[in-house]
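A.B. asks: Start from the sequences, fold in the hints, and give me the full structure.
Line order of the protein sequences matches chains A and B.
The letter at position 88 of the first sequence is residue 320 when you use the numbering used here, and the numbering goes up by one with no holes.
The letter at position 197 of the second sequence is residue 429 when you use the numbering used here, and the numbering goes up by one with no holes.
Please keep in mind that the hints were generated in silico from the structure rather than gathered at the bench.
Since this is a predicted model, take the numbers as computed values, not measurements.
All the given hints hold, so there is nothing to weed out.
Heads up, the list lumps identical chains together, so a pair's fine if it works in one copy or across two of them.
Below, in silico cross-link-like pairs of lysine-lysine (BS3-like), each with a Cα-Cα straight-line distance of 27 Å or less:
| id | residue 1 | residue 2 |
| --- | --- | --- |
| 1 | Lys255 | Lys267 |
| 2 | Lys288 | Lys267 |
| 3 | Lys267 | Lys299 |
| 4 | Lys288 | Lys238 |
As a plain string of letters, each chain reads:
2 protein chains.
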Amino acid sequence: MNIPSKHIEEAVEQLASLPSIGKRSALRLVLHLLKRSPEEIERFAQAFITMKSEVKQCTSCGNISDKELCAICLNPNRDTSLICVVEDIRDIMAIEATSSYKGIYHVLGGIISPMDGIGPSDLNIDTLIDKAENQEITEIIFALSATMEGDTTNFYLYKKLKDFDCNISTLSRGVAVGSELQYADELTLGRSIMQRLPFESTFQK
Amino acid sequence: MNIPSKHIEEAVEQLASLPSIGKRSALRLVLHLLKRSPEEIERFAQAFITMKSEVKQCTSCGNISDKELCAICLNPNRDTSLICVVEDIRDIMAIEATSSYKGIYHVLGGIISPMDGIGPSDLNIDTLIDKAENQEITEIIFALSATMEGDTTNFYLYKKLKDFDCNISTLSRGVAVGSELQYADELTLGRSIMQRLPFESTFQK
Numbered sequence: 233m234n235i236p237s238k239h240i241e242e243a244v245e246q247l248a249s250l251p252s253i254g255k256r257s258a259l260r261l262v263l264h265l266l267k268r269s270p271e272e273i274e275r276f277a278q279a280f281i282t283m284k285s286e287v288k289q290c291t292s293c294g295n296i297s298d299k300e301l302c303a304i305c306l307n308p309n310r311d312t313s314l315i316c317v318v319e320d321i322r323d324i325m326a327i328e329a330t331s332s333y334k335g336i337y338h339v340l341g342g343i344i345s346p347m348d349g350i351g352p353s354d355l356n357i358d359t360l361i362d363k364a365e366n367q368e369i370t371e372i373i374f375a376l377s378a379t380m381e382g383d384t385t386n387f388y389l390y391k392k393l394k395d396f397d398c399n400i401s402t403l404s405r406g407v408a409v410g411s412e413l414q415y416a417d418e419l420t421l422g423r424s425i426m427q428r429l430p431f432e433s434t435f436q437k
Numbered sequence: 233m234n235i236p237s238k239h240i241e242e243a244v245e246q247l248a249s250l251p252s253i254g255k256r257s258a259l260r261l262v263l264h265l266l267k268r269s270p271e272e273i274e275r276f277a278q279a280f281i282t283m284k285s286e287v288k289q290c291t292s293c294g295n296i297s298d299k300e301l302c303a304i305c306l307n308p309n310r311d312t313s314l315i316c317v318v319e320d321i322r323d324i325m326a327i328e329a330t331s332s333y334k335g336i337y338h339v340l341g342g343i344i345s346p347m348d349g350i351g352p353s354d355l356n357i358d359t360l361i362d363k364a365e366n367q368e369i370t371e372i373i374f375a376l377s378a379t380m381e382g383d384t385t386n387f388y389l390y391k392k393l394k395d396f397d398c399n400i401s402t403l404s405r406g407v408a409v410g411s412e413l414q415y416a417d418e419l420t421l422g423r424s425i426m427q428r429l430p431f432e433s434t435f436q437k
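C.D. replies: Encoded structure:
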């Protein structure tokens with residue numbers, strides 16, 4: 233692609249450096265931006281600079297936050313003896329959107345993935361063990377992806393945490409709510425049968 | 233989506249204001265940017281500000297350029313008596329990539345589209361008529377999209393230009409090079425038959 237302006241080319245390259253944006257889409261976006269006023273472009277650009285300089289990581293759970301501690305850790309109505317371990321802050325948003333969880337979180341910052349060169353030392357695991365050792369924790373919930381990497385990480389964490397005096401649980405796997413049985417994959421349906429529940433336990437409390 | 237930082241939220245909103253980027257993808261991109269160094273973010277943001285302040289429109293053809301006149305208009309090897317009318321600067325890039333055209337361009341900045349509220353007065357049409365009137369032009373080529381809006385614009389331009397002493401041509405339509413006949417749509421194949429060419433005229437010169 234032969235772009236007739238090196239400034240446009242630089243803007244295209246910056247946008248195309250983001251995941252899943254190719255050069256052709258980046259050019260389309262840049263030409264769209266070019267039609268905006270200088271003030272709008274200034275605001276567009278400033279948003280990223282402000283974000284980088286102002287956004288902090290919650291010192292307790294690793295969630296993103298504008299303060300030292302995030303809104304969840306600061307909330308006095310949250311049960312601090314219940315920790316939900318997630319891979320990424322987007323998982324926190326997903327769980328929060330369910331309104332089904334009243335404990336706090338611990339963000340690992342990834343999962344163990346030898347293929348991508350990510351080992352236990354690259355993750356926020358020591359601080360989790362420290363919490364299990366020194367704080368009043370009754371239960372730790374593993375809420376990682378249902379992939380091989382997720383399972384590996386779950387097992388690694390389990391080995392590190394099993395000797396502490398707290399329950400360890402994981403998300404239930406099974407047929408999704410609202411889906412038809414015939415379309416469920418065999419592995420999921422198999423797990424749903426093996427891990428069947430007493431019918432009374434499924435009544436909404 | 234409940235984002236736990238208003239700075240992240242502002243950056244997400246700015247990215248999601250671009251066409252075809254939804255809030256969820258924008259969040260993914262912003263979290264990716266957040267991992268970069270402050271210098272990289274500065275460079276990312278600055279690229280858009282510089283682009284807006286430095287990029288000009290070629291005063292002759294309307295192409296984007298870093299100077300008053302674009303590289304194509306400044307090139308002494310270009311035939312200035314041949315004007316190719318395009319909708320958008322991306323069309324110039326596409327035609328330039330073919331290396332089949334040695335004339336200059338005229339960017340309309342859109343096509344007539346009553347559905348989108350775009351009429352002839354919103355486009356760069358007067359300057360094209362001015363060129364036909366006052367410059368030494370031998371041929372004007374309409375290279376607009378093969379859509380109803382493109383055809384409407386072609387016809388409007390034809391009515392405005394037909395009385396001047398220059399040839400008016402349009403891109404040939406037909407079965408794409410390398411494609412099989414049985415997969416061509418009826419309209420295109422029909423046009424290909426009606427506008428058939430003397431076989432000798434297709435020999436490469």
